[in-house]
Amino acid sequence: MTQETAPLPQILAIGSVLWDVIGRANHSMRVGSDVPGRITRLPGGVAMNIAMTLTRFGETPAVLTAVGRDAEGEELLAAARSLGINTDFVYHSADLPTDRYMAVEGANGLIAAIADAHSLEAAGDKILRPLRDGRLGSASTPYNGTIALDGNLTRSLLEEISADPLFAAADLRVAPASPGKAERLLPLLNHAHATLYVNLEEAGLLCHREFDSAETAARTLCERGAARALVTDGGNLAADATADTVHTATPPQVLVTRVTGAGDTFMAAHMVQELRKSPRPDALTAALKAAALYVSGETAQ
20 MTQETAPLPQ
30 ILAIGSVLWD
40 VIGRANHSMR
50 VGSDVPGRIT
60 RLPGGVAMNI
70 AMTLTRFGET
80 PAVLTAVGRD
90 AEGEELLAAA
100 RSLGINTDFV
110 YHSADLPTDR
120 YMAVEGANGL
130 IAAIADAHSL
140 EAAGDKILRP
150 LRDGRLGSAS
160 TPYNGTIALD
170 GNLTRSLLEE
180 ISADPLFAAA
190 DLRVAPASPG
200 KAERLLPLLN
210 HAHATLYVNL
220 EEAGLLCHRE
230 FDSAETAART
240 LCERGAARAL
250 VTDGGNLAAD
260 ATADTVHTAT
270 PPQVLVTRVT
280 GAGDTFMAAH
290 MVQELRKSPR
300 PDALTAALKA
310 AALYVSGETA
320 Q
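Quick note on the numbering used here: the sequence shown kicks off at 20 and runs consecutively.
Among the hints, erroneous ones may be present.
Unchecked claim - Label-pair ranges, simulated between beta-carbon atoms: (1) S175 <-> L129: 26 to 34 Å; (2) N127 <-> T261: 31 to 39 Å; (3) H212 <-> P300: 17 to 25 Å.
Read the hints as simulated data drawn from the structure, not as lab findings. Cβ atoms here follow ideal geometry from the backbone N, Cα and C, with glycine treated the same way.
Please work from the sequences and hints to get the whole structure.
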């Protein structure tokens, strides 16, 4: 009797999988504010947020990341599996602790955040081994599914990925982890199969200028070599541009109750729409709706 081989996952999320520790208050805040609120600990990180959203839309993504062989890491992977995320290809480190992210949010948005993704950075290209050793692909048969790649990886590793034939056949979807890490994506700006997902501030950092609209930012990214760029601007107009065309849409107006993870939700929802062959304008509109539902406190479906 032969053993059946499990089908390869069609979507990979590569990057940070960690614990989000989020403090939220219903009051507007500033530096030095001390107010009552709620503190939660949830699975997070860009790759994890994308993977979680993909599962809510019925997909079964796999994550490529580094997690410590500690209690926090085991709990985190168990939580991921319970959500329907494939963790078979995660790199487990005995020497590195599981990463964490801490943020404070007020009624006026994100006040401050610290991302401790040092273990992911230290693991380096070890997280990519499944793409080389035949489990997900190899040099002769590169992975040909969809890859969501986040900017928590080091710039040197992103430079390697930009030229690595292991990624030549994949539909590469790329997002910075935060404005502070946006410039790490510069090596991927000219990648022939990469779609960039950035907000207005991140687009400005990549282009070394300020923009007053998402449409102008998306067009400029394409002029600078991007094959495709999606730019969001909070509740304002968003744009999806290639060298030839640009589509725009405005997000639904909602009461904002959370902001951490909104961009990741937008990206994942957009990926799902495109996997289902939705036309570009429809995919943009649907992704903006999903992100609006998320920031309002509801669940995107």
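A quick look at each hint next to the structure:
no.: 1; hint: S175 <-> L129: 26 to 34 Å; result: 28 Å, holds
no.: 2; hint: N127 <-> T261: 31 to 39 Å; result: 35 Å, holds
no.: 3; hint: H212 <-> P300: 17 to 25 Å; result: 22 Å, holds
In the structure shown, no violation is registered for any of the earlier numbered hints.
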